[in-house]
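Q: Using the hints, position chain G against chain Y.
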Amino acid sequence: MTRADRGSGFGVLGSGSGTRRASIRDRRGSRLPCPEPRRRGPAPAVAIAVCLVICALATLSGAQTAPPLPRRIVSLVPSVTETLFAMGAGSRVTAVSSYDNFPPDVAALPRVGALFDPDVERILSLRPDLVIVYGSQTDLMARLGRASIPLYVYRHGSLADVAIGIRDLGARIGMADAGRTLAATIETAFADIRARLKGASRPRTMLVIGREPGSLRAINVSGGFGFLHDLVELAGGANVFGDVKRESMLVSTETVLARKPDVIIELHYSEPPLPDALTRDRATWQQLPGVPAVKAGRVYLLYGGELVVPGPRVVLTAQTFARALHPDLMPWGK
Amino acid sequence: MTDGSALAGATVRRRLLVWVPIFGAVAFLAVIGAPLIGTTPIRLARVFDRSLPFADNVDAQIFFIARLPRALAGALVGATLAAAGVVFQALLRNPLATPFTLGVSAGSALGAMLAITFRLHLSFWGVSAVTAASFIGSIGAVAIVYALARARHRGFSTNVLLLAGVTLNSFFSALILFVQYLADSSEAMRTMRWLMGDLDVAGFGPIVASLPLCAVAFVAFAWLPRALNLLSLDADAAASRGVNVLRVQRVAFFSASMATGAAVSLGGPIGFIGIIVPHLVRLIVGADHRVVLPAAALFGAAFLVACDVIARTAMAPVEVPVGIITALIGGPFFLWLLVRQR
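Line order of the protein sequences matches chains Y and G.
Position 168 (the first sequence) corresponds to 669 in this note's numbering; numbering is contiguous.
Position 183 (the second sequence) corresponds to 531 in this note's numbering; numbering is contiguous.
To be clear, the hints were calculated from the coordinates, so they are not data collected in a lab.
Predicted model, so just to flag it, every value in this text is computed and none were measured.
Note that the Cβ used here is the ideal one computed from N, Cα and C, for glycine as well.
Keep in mind that a hint or two might mislead.
[As the list claims (entries may be wrong)] Computed Cβ-Cβ distance ranges for the label pairs, DEER-style:
# : chain 1 : residue 1 : chain 2 : residue 2 : range
1 : Y       : S592      : G       : V556      : 53 to 63 angstroms
2 : G       : I370      : Y       : R703      : 51 to 61 angstroms
3 : G       : V687      : Y       : E772      : 53 to 63 angstroms
4 : Y       : L625      : G       : V556      : 56 to 66 angstroms
5 : Y       : A797      : G       : S399      : 18 to 28 angstroms
So that you can see chain Y by itself, here it is in the shape it has in the complex (with noise of 0.2 angstroms):
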């Protein structure tokens, strides 16, 4: 592998194809001009020194951001672990959050804290050689900062930004052509559920991502914003609070009244409960006999951990949305 095709090439000197001007390609592969030295003029010393300076800067910033492949990676985001999995780099995973489940080779590694809790030391004493951090977790970031630890700063976005991430982390670790490969399932799936709801009504839906088991007080629900509201949209759906610009909201029964949603997707985290605690669950609707959901039966209770990990699986999550939202269109046997 040549330094110029060494993945992303972080501000690496490429030679110019058939020419002797020198260019630096940015992240992006595409090359930047790079001052071309002079032909005229003083003496050629001076040339052939700012040539040298030239050649020991750019092997100096080689060396600072072109770092060596990642091979010891910590990820504490559990989407970007199932994302290191599917793109095969999961080898490389020496450590993973506590909240991570997925893939079941998770289970096996060791636990580094999480968003609020991450365990420093421990991380530390692994002797990652590349950590994948949250945002918002400066502090973290700050200390990992003073070991030299790189680091890959993540953030939810939309659902869109599924993809373009995948396709950066790719690039980040060496893995660009799997980061494509896996970014492109992604959309062509993506592409696939559009195509198939394709002029097809869109229920009004209001996706509820928690509540208080049992009764309906502290119904908190997907805002307009975000790639859980995104999932809604792409599945053939309207969501009711698209006009809200948040990621997520506490409503109150009157609101959910008043909205009328057609379809209620409620979204559980954990292993769905015995049959008779699951028709139980759904039944606390039954308060709201006036919703549309509610009257037409339309009110779908889903379980599972993926559904708000915004990794790979999210294409499983689009499905059963399309499925809920369109059963006659997206069959649940395909």
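A: Here is chain G on its own, set in the frame of chain Y:
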């Protein structure tokens, strides 16, 4: 406090006759008016239109399922916390005492946290496991505090009661943090939300469930005022005037604690009501408990119902936790009153 404990009977009667109807009217108007206010326009004619089936009448559903239970829950919780605040301040002879001072709310919160974290899915006629667990937690806290207050004294030491309560509060708070820490992030969010108070009870079940305990407590409160007047000055003086101090203390402690437990399990630990309302009412009607207690209960009901209207309309369709509203309104208002009084 503007005057002594025992006013002349005529003065008390006059104040009772003036202020209690006024506060009663305010509370009544709040409970009747609150269901009419909201972000969704509803027509009263349609609400009470019997010709429409209830399942198809969204206006009636908004009125009877969403708004009226909230107003009633707010009135019950507000009245209970305000009255319990008055009783605790007299019992502990401490103007800073609140219904939450003796650890009842912390015990209640711990119960709710455990139910949320361990995902208890049981529910009985609209009363969820969280509500039931929070009430059990409050009973546990009351029992521990009472046992501690009795342990070293043959009587009933209010000093030990206060110290035990404050310590238990801190201890339970630490346990709550520990349980929250063990919970995953979505449950931690829910526990945090519970601690901010919520009156959207979605039906009459939870109100009916907490009503008997509150009713019993209010019967006890009706019996207490005269004794509390004497007790809030000095226990020995009260005893010399023929008050059975131990019995009064016990009744006051248990009735106020049980009422607080029922209120917190219904609406969450909504702060400030139990301290602001009693003081505010005292500034208006004087310190005699025969007037303060009913006036505080009525004004507490009106105040919380009004705060809840703000909670559900201020940022609609986003719901603001009512505990935040009571604190935001109550705190500065109370400080302003204090400054103005001097």
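Q: None of the hints should be skipped; say for each whether it holds.
A: Quick rundown of the hints versus the structure:
1. Y:S592 x G:V556: 53 to 63 angstroms: Hint holds: Cβ distance 60 angstroms, inside 53 to 63 angstroms.
2. G:I370 x Y:R703: 51 to 61 angstroms: holds, 54 angstroms
3. G:V687 x Y:E772: 53 to 63 angstroms: Taking Cβ atoms as reference, V687 of chain G and E772 of chain Y lie about 57 angstroms apart, which means the hint holds.
4. Y:L625 x G:V556: 56 to 66 angstroms: holds, 57 angstroms
5. Y:A797 x G:S399: 18 to 28 angstroms: Given about 23 angstroms between the Cβ atoms, the range holds.
The structure shown violates none of the earlier numbered hints.
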